[in-house]
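Peer 1: Given chain S, put chain B in place with the hints provided.
Protein chains in written order, with our numbering: chain S, 1 to 113; chain B, 1 to 110.
For the record, the hints were derived by calculation from the structure and aren't laboratory data.
Below, computed lysine-lysine pairings styled on DSS-like, alpha-carbon distance capped at 30 Å:
no. : chain 1 : residue 1 : chain 2 : residue 2
1   : B       : Lys-42    : B       : Lys-57
2   : B       : Lys-97    : S       : Lys-13
3   : B       : Lys-97    : B       : Lys-58
4   : B       : Lys-42    : S       : Lys-13
5   : B       : Lys-58    : B       : Lys-5
6   : B       : Lys-97    : B       : Lys-42
Label pairs and their calculated CB-CB ranges:
no. : chain 1 : residue 1 : chain 2 : residue 2 : range
7   : B       : Ser-7     : S       : Gly-16    : 30 to 40 Å
8   : S       : Arg-15    : B       : Lys-5     : 26 to 36 Å
9   : S       : Gln-41    : B       : Ile-20    : 19 to 29 Å
10  : B       : Pro-40    : S       : Lys-13    : 21 to 31 Å
11  : S       : Thr-20    : B       : Ile-20    : 33 to 43 Å
12  : B       : Gln-2     : S       : Ala-80    : 25 to 35 Å
13  : B       : Gln-2     : S       : Arg-15    : 24 to 34 Å
14  : S       : Phe-69    : B       : Asn-67    : 41 to 51 Å
15  : S       : Thr-9     : B       : Thr-105   : 18 to 28 Å
16  : B       : Gln-72    : S       : Thr-100   : 21 to 31 Å
17  : S       : Ile-12    : B       : Pro-82    : 30 to 40 Å
18  : S       : Asn-59    : B       : Ile-12    : 27 to 37 Å
From the three backbone atoms N, C-alpha and C, an ideal C-beta is built for every residue, glycine too.
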Amino acid sequence: ETGVTQSPTHLIKTRGQQVTLRCSSQSGHNTVSWYQQALGQGPQFIFQYYREEENGRGNFPPRFSGLQFPNYSSELNVNALELDDSALYLCASSPFFANTEAFFGQGTRLTVV
Amino acid sequence: QQQVKQSPQSLIVQKGGISIINCAYENTAFDYFPWYQQFPGKGPALLIAIRPDVSEKKEGRFTISFNKSAKQFSLHIMDSQPGDSATYFCAASAYNKLSFGAGTTVTVRA
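Here chain S stands alone, though its shape is the one from the complex (with noise of 0.2 Å):
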């Protein structure tokens, strides 16, 4: 266990609809990444977050957003879902000033129909 927390697990949206993931970090860490993985693939970096401001962005368009809390948790949101957006989102929390160990979550398995 990683400490790091996703929710919901699994959830079945409709393409066009809006969708909320949610992320709780490990204790003592301040920053946050978001990665998605599609089904067979490695994780891509969608962004991160550290002290509640976006620090750096992959290569995914602006609806893809993102919020993270003075807790340090987080959140993902997609808006205008698409078909292609179907994959496990991943949750990362890692301490900001090193490249560090970076301690994932479960994911969540977003399903678009």
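Peer 2: Just chain B now, with coordinates in the frame of chain S:
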């Protein structure tokens, strides 16, 4: 584009054998290289990691070899066990952001 190239895509090894997974990168800004193990339906779990000032790191049955000049690194799993059957991802980190390889599915036959 894939910043970290991983091979092979899959491998089968007998119990007690050695599994070897290779990765290569181009971006010299990478300065932390972790390996993750992932079971179906679970998130990736950190297995072992290395920094580029070290050429080898061993933890139990898992060893990372790192060649900075060639921009290559590899994972060796010694004395492979059926419980090691999983997908393994190499990754490289720059500014605390991970770039993953495509993964290697390891099957250990009893």
